[in-house]
Every structure is written in structure tokens, then in C-alpha cells.
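A.B. asks: Given next are the chains, with one letter for each unit.
Number of protein chains: 2
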Amino acid sequence: MKTVITRSRRLRGTPFTSRLEKQGVKSYTIYNHMLLPTTFSTPEEEYVHLKEHVQVWDVSVQREIEITGEDSDKLMQLMTCRNLSKLKVGMCYYVPLVDSEGGMINDPLVYKLENNRWRVCIADSDVLLFAKGIASVKQFKVNIFEANVNTLAIQGAKSDKFMSKIFGKKINDLKFFRYDFFNFNNNKFLISRSGFSKQGGFEIHIDNINAGLDLYDYFFKIGKDFNLKPGTPNHPERIEGGLLSYGSDMDINDNPFECGFDRYIDLESDIVFLGKEKLKEIKKKGIRRKLMGVKIETNLINLSAEIPIFNLDEKEIGKLRSAAFSPKFKKVVGIAMIQKDLCKDLQKFKLKLNGNYVFGEVCNLPIV
Amino acid sequence: MKTVITRSRRLRGTPFTSRLEKQGVKSYTIYNHMLLPTTFSTPEEEYVHLKEHVQVWDVSVQREIEITGEDSDKLMQLMTCRNLSKLKVGMCYYVPLVDSEGGMINDPLVYKLENNRWRVCIADSDVLLFAKGIASVKQFKVNIFEANVNTLAIQGAKSDKFMSKIFGKKINDLKFFRYDFFNFNNNKFLISRSGFSKQGGFEIHIDNINAGLDLYDYFFKIGKDFNLKPGTPNHPERIEGGLLSYGSDMDINDNPFECGFDRYIDLESDIVFLGKEKLKEIKKKGIRRKLMGVKIETNLINLSAEIPIFNLDEKEIGKLRSAAFSPKFKKVVGIAMIQKDLCKDLQKFKLKLNGNYVFGEVCNLPIV
Numbered sequence: 001m002k003t004v005i006t007r008s009r010r011l012r013g014t015p016f017t018s019r020l021e022k023q024g025v026k027s028y029t030i031y032n033h034m035l036l037p038t039t040f041s042t043p044e045e046e047y048v049h050l051k052e053h054v055q056v057w058d059v060s061v062q063r064e065i066e067i068t069g070e071d072s073d074k075l076m077q078l079m080t081c082r083n084l085s086k087l088k089v090g091m092c093y094y095v096p097l098v099d100s101e102g103g104m105i106n107d108p109l110v111y112k113l114e115n116n117r118w119r120v121c122i123a124d125s126d127v128l129l130f131a132k133g134i135a136s137v138k139q140f141k142v143n144i145f146e147a148n149v150n151t152l153a154i155q156g157a158k159s160d161k162f163m164s165k166i167f168g169k170k171i172n173d174l175k176f177f178r179y180d181f182f183n184f185n186n187n188k189f190l191i192s193r194s195g196f197s198k199q200g201g202f203e204i205h206i207d208n209i210n211a212g213l214d215l216y217d218y219f220f221k222i223g224k225d226f227n228l229k230p231g232t233p234n235h236p237e238r239i240e241g242g243l244l245s246y247g248s249d250m251d252i253n254d255n256p257f258e259c260g261f262d263r264y265i266d267l268e269s270d271i272v273f274l275g276k277e278k279l280k281e282i283k284k285k286g287i288r289r290k291l292m293g294v295k296i297e298t299n300l301i302n303l304s305a306e307i308p309i310f311n312l313d314e315k316e317i318g319k320l321r322s323a324a325f326s327p328k329f330k331k332v333v334g335i336a337m338i339q340k341d342l343c344k345d346l347q348k349f350k351l352k353l354n355g356n357y358v359f360g361e362v363c364n365l366p367i368v
Numbered sequence: 001m002k003t004v005i006t007r008s009r010r011l012r013g014t015p016f017t018s019r020l021e022k023q024g025v026k027s028y029t030i031y032n033h034m035l036l037p038t039t040f041s042t043p044e045e046e047y048v049h050l051k052e053h054v055q056v057w058d059v060s061v062q063r064e065i066e067i068t069g070e071d072s073d074k075l076m077q078l079m080t081c082r083n084l085s086k087l088k089v090g091m092c093y094y095v096p097l098v099d100s101e102g103g104m105i106n107d108p109l110v111y112k113l114e115n116n117r118w119r120v121c122i123a124d125s126d127v128l129l130f131a132k133g134i135a136s137v138k139q140f141k142v143n144i145f146e147a148n149v150n151t152l153a154i155q156g157a158k159s160d161k162f163m164s165k166i167f168g169k170k171i172n173d174l175k176f177f178r179y180d181f182f183n184f185n186n187n188k189f190l191i192s193r194s195g196f197s198k199q200g201g202f203e204i205h206i207d208n209i210n211a212g213l214d215l216y217d218y219f220f221k222i223g224k225d226f227n228l229k230p231g232t233p234n235h236p237e238r239i240e241g242g243l244l245s246y247g248s249d250m251d252i253n254d255n256p257f258e259c260g261f262d263r264y265i266d267l268e269s270d271i272v273f274l275g276k277e278k279l280k281e282i283k284k285k286g287i288r289r290k291l292m293g294v295k296i297e298t299n300l301i302n303l304s305a306e307i308p309i310f311n312l313d314e315k316e317i318g319k320l321r322s323a324a325f326s327p328k329f330k331k332v333v334g335i336a337m338i339q340k341d342l343c344k345d346l347q348k349f350k351l352k353l354n355g356n357y358v359f360g361e362v363c364n365l366p367i368v
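Chains as they are written, first to last, in the working numbering: chain R, 1 to 368; chain G, 1 to 368.
Since the hints were made in silico from the structure, they are not lab data. Possibly wrong hints are sitting among the right ones.
[As the list claims (entries may be wrong)] Partial list, computed: chain G residues near chain R (C-beta under 10 angstroms):
#1 Thr3
#2 Arg7
#3 Arg12
#4 Thr38
#5 Asp126
#6 Gln139
#7 Gly247
Note that the structure is a prediction, hence the values are computed from the model and not measured. The beta carbon of each residue, even a glycine, is placed where N, CA and C say it ideally should be.
Okay, chain R solo, but in the shape it has when bound (with noise of 0.2 angstroms):
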């Protein structure tokens, strides 16, 4: 069945998507309160195109909470339990927030724009209640609100050449989580080498809607020699790559250690996080599960809460939370969340599907 959603100004759209509507957009999700298209043709042709072509993604529901004032860097760093102490203007870092539980609040990219002034470009839920809820407490000297900025993202494996055909070479020399301005029409970008895919491209944070609305137009204006077409954030392609959706593959029910993301707990040095003693805790005591990679041997898939999955005697070992179609395996790839000692790569399950059983293997991330 297809869902129908009815629009309302709780669930806005963003400056881009009267023009998705123009160039044929054929479904959206919501996020963050707001509409983004997830496709025009179908998640596999856009696959196929973003591997080897350019595309251009309308994330503006990316919200990007600004955080400012004198006590931002140490709002910041409360929030989330990777070192940000090294993070220098012109540089964005993948952090995950946790509650004083341990648990998952959300998985932001936080760009530092000077010191004490952060931009939080959040996944699907409402960071900045969180970040008022303890800046209120603290009596800390910030301003938090949702800034006026949406963005655009230029993916796929011609990325790099696009985009110097619009704003010069300089932008090829742009490392993979930094940022930097750039001119188009007069007009100045926040650009970063970031984005949901893993065919390499760039983010363009726009805070001018008109001047985003040209550059937006001469993208398809110049887009033939490249192929470029409007896309999304592409469901296969982001399992495979191993990037996690906030709200899908986890929620404030796990914690970091689960999700995979020892790299970014740092335990050792003397930075304040609200969840530091939880997550000494939770690594003392070990993990029980953990998010992995799955192959299952079915073409079709459609999922709209978690599955459980079986061993091969029948005993529940995960839950599937995550799922697509893979032109490239020709079966469906997902994400699941799976008991520790069965996280082991060719690990055999079973899951059912309408009433049948279908067969799979854990696999692990990125699946390749």
C-alpha cells in the first residue's frame, strides 16, 4: 500500500522542494519535522548512477543547531563523548551524543565555526531541547537555536570534477572533513567534504535561500556534461558503506560501544561528558550485542519496525533494523543488531518474511 502523507506547516518542506516536485520526486520520508525526498526513479537505478555519475541531494532537514556563546565549547563537549579538544576551525568531526545513561541521542556532524561557536547538523531528533534542557541547568552563557541554513550535498564518483567547474580547482584540495568558503555569483558558501554517501562529495551549507535557489538552478543548467541528476541519500548504498541512520539502526536504547563507535569514546583523558561514568561501566562490563552487516537471500524487502532474526535452532539472536535491495549482491543488504558472540562474519540466520523463512548471513560493516 502506498502511503499518502498530508502536508501541513509541522511537516515543512524546505526552498528545494518545489522544484524536486518540478524534476518528478516520487516519495519522501520526514525528518527532523520537515520533507526529504528518498526518490525520483528507484533506490536501484540511483545507485548505479551514483557510482558512476553526480548527483545533486536536498538535505536541507540536516537542521544545524547553532551553538554560541562563551560556554559553547563546554556545552559541546558535555554532549557527546568523542575529544573534541582537537577540533580546529575549517575541520567538522562525526560525534555521537550520549545521555548521562550511555544511551544514544543522536549522531551529528559538528563543524566549528570560531571558538565557542559550533554548527550541529543533526540526524532525526530534537538536539537542541537536549542542549537547552542542560544549558538551562548549567545557567551557561549560550544561544542555541535552529539556524537558518539548508543544505544541499553533491555525491557520486564525478563530485570532485562538478564542482571545480563551479567554484575552481581550490575545491579539489578540500580534505574529507574540512570545510572552507567559496564563491559562486558574489555569493559565499560553507562547503565541506562530507555527505551520506561513499562516492565522495561535498556538503554546501547554504544561509542565503535566494542565492541557494540559483545555484541550485545552474547546477541542472551545466549538469548534462556530467549526467547530474537530483538524487537522495541512497538506502542501499549508505548500508553498504556502513553509515548508520539514527532513529533506524539505533536509538537512545544503545549505547556507542553497540553501535561500533569505540574510536570516538574517549575514557582515558580528563574531558566532562554527561555519560563518562556509564560508559566506564558499560566497557568494564562488556557488551552483549552489536550492529552489523547482513546479507539475506531474498530480493524484496520492506520494513517498517525491527524483525527478529533466529539462529538455525531457532533461538532469536538480533533484530534486523535496516534493509535494501543490492544491485550489487543481487540479494538485500541491512543492518542489524546482532548478539555479541554471533557477530562473526558468514555467521548463517534466518528471518521471516510474510510468513516464510528466508536465509542470511551476518556480515561486517562496511559490507563489501
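With the hints as your guide, set chain G onto chain R.
C.D. replies: Positioned in the frame of chain R, the structure of chain G alone reads:
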């Protein structure tokens, strides 16, 4: 254009979703990361039916945040400007939650289950993260979690007759915003006289999913005599009734005075809450705008962002935030944030719809 939504674990259904689909649900909205049905026929037909008969609504999206533990009374009060000291077990209150800037965080119904045990039935924002942020820093002894509770609302003119048929005459004695426990099939249900309509009714808070599914099926087994139909929160009915929708009518950029919540703001007693000093300031200065009803001389409107409202001299005087065709007034009714000195019944205005001006007038809430 019909907006089709892609399903995923992140936008999950409720225990009732598969039943709604068999019953012919036509569209959904997303609310608290879950599916909320929006119509089974048309909002206009359902408006008329609701006022004459009785409907069952799946409002499981009103997620229930449970706060327990010895500091939970303190935490609960800290989040709201409404004085909770007189709220007894067996009662619920409609409460504006505010941050330290006096901005609206949410407008839940809070149920006092026991001393130091609360259920916060939330509108569409992650209140759990706000509560966790505060509690983490205060080192409060509390446990905060999303309860595994799903809610069915029985709403409409025949609610009392229908409910007493199932739960006995005792349920008719339940007063407005009170709750009690009632039995069906040896299962106990927490039922409150409440709901997002002005036609009267009840909300059944279900913690045993199988018992809830049996109850749902029983409703439709005996419902014929009452002309029972599946329904949804009805947009024109709730607008006329002045029942506000968080995210559409107000958000964190609005304060509770602007939302008309004066009677829920206690700045006089010694209760401690985050926004108290800021709300005192706002009260002293006075507000410059306020939510009002509007009637607009058109039959059709589709809102996906706020729309500016002008006086007859083309000066912007406010923003339209919600709107729907009213079968009663045979025109569109809505809720708008209006410049304070123009918040007068019959104040004329105009706004642009599809490039043309249409005219309207301000009115009080509820719209009668």
C-alpha cells in the same frame, strides 16, 4: 500533488496500523516519529459524523514519557509554568512546557499516576531529550523513558453511550481531565475523559497490546448500533474548538502568553520552573502578538508553511499557521499569530493564495 511517504523503522506504525489499513485509511501524518492517520473519507464528512455519532481514533503517536523516582515531582514542575502542586493522583492537566527563554517546548497532558510518578502525553517534539538534559545535570534521581503505551481515543457525540456499553455506567461519572481504571475482558485499562476534540470523549491508555487489539476489534463488533467509524483528530473541528497543534500553531519561538495560556502561568507562587524569570519579564513588557482564530472567504486551502496576513493597506499584520475548510461556516477557518493591537473580533485582513488575494477576518478562539 499527492505526497507518498517511504516507510522505515524510523517512522514506525502503531499496533493498530494494519487494522487501519484494512479499514481504508487514506492518508497519514508523521507525529513523534510515528504514523498518525489523517482521514478515512474526507475531513468534512468526518467532521459531520463526529458531531453526531462516535469515532475510534488511533492516537498512539501521543507518546507517553514516564518520569518516576524521588525527584520526579521536582523535574516535572521545573519544565512547566503551570502550578502542579494541586494536581492529585487521578487527574491530568494540560501544561505548557517552557525553556529558560520562555519558549514553548511542547503542550502535553500530564497525568499524575502516583506521587513522583508522571506520564507526559506529548505533542510532536522530543520532550524526553529536554527532560533528560535537565535531569542529567541536576543529578536528579529519576528514570525517564518512553512508556510502551498506545492510546485509542473515543470521541464524538455518542462517546458516553458507547463507552458505558463496554465499561459500564460508572464511566459516565468520570469528570473532565480525570482518569480511572476500567475493566474489559479481565484487562484493566487506564481511561481519561479527554481528547483532541470538543465533542466529548475518552482516551484509553493501553499498556497490554494484545488486550488493546481485542478491545479495538470489539469496538467495531458492537459499533454498528452507534454508527461507530474509525476516525482521526479532525482538523476543522479542532481549529474551531481552539485546540492548538504544537509545531503548526506554535513552536519554540513563541511564548505561552502569545499562545493565550495566561491561566496556566503561575508567576505569583513560589514554584520553581526554568522560564520563570523570563516570563516575568515578558509579562511586564507585554506581548506584541497573539494566536487568534480567523475566517477566510475561500473553500480550499492547503498549508505547508505559514502564510503572511496583511491589513487592507498591505501592511503585514500576522501569519496564518493552520487552516481547513469548515463545514459549519462554509469557508476556511484557521489559527493565526496576529499583531496584538489587531487581535479584535471582525478585524479585516487579506492574504495571497495561489497568487490571488482572498479576504478574511480575525475572530476569537474557540470559533463560534
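A.B. asks: Taking the hints in turn, state whether each one holds.
C.D. replies: Structure-based check of all given hints:
Interface restraint check for G:Thr3: the shortest CB-CB distance to chain R comes to about 5 angstroms, inside 10 angstroms, so the restraint holds. Annotation: interface hint on G:Arg7 holds; nearest CB of chain R at approximately 4 angstroms, less than 10 angstroms. At a threshold of 10 angstroms, the smallest CB-CB gap from G:Arg12 to chain R is about 6 angstroms, leaving the interface hint in force. Using the Cβ-Cβ criterion of 10 angstroms, the hint placing G:Thr38 at the interface with chain R is satisfied: the shortest such distance is roughly 4 angstroms.
Interface restraint check: G:Asp126 against chain R, minimum CB-CB distance 4 angstroms, threshold 10 angstroms, status holds. Nearest Cβ of chain R to the Cβ of G:Gln139: about 8 angstroms, under the 10 angstroms cut. The hint holds. Interface restraint check for G:Gly247: the shortest CB-CB distance to chain R comes to about 4 angstroms, inside 10 angstroms, so the restraint holds.
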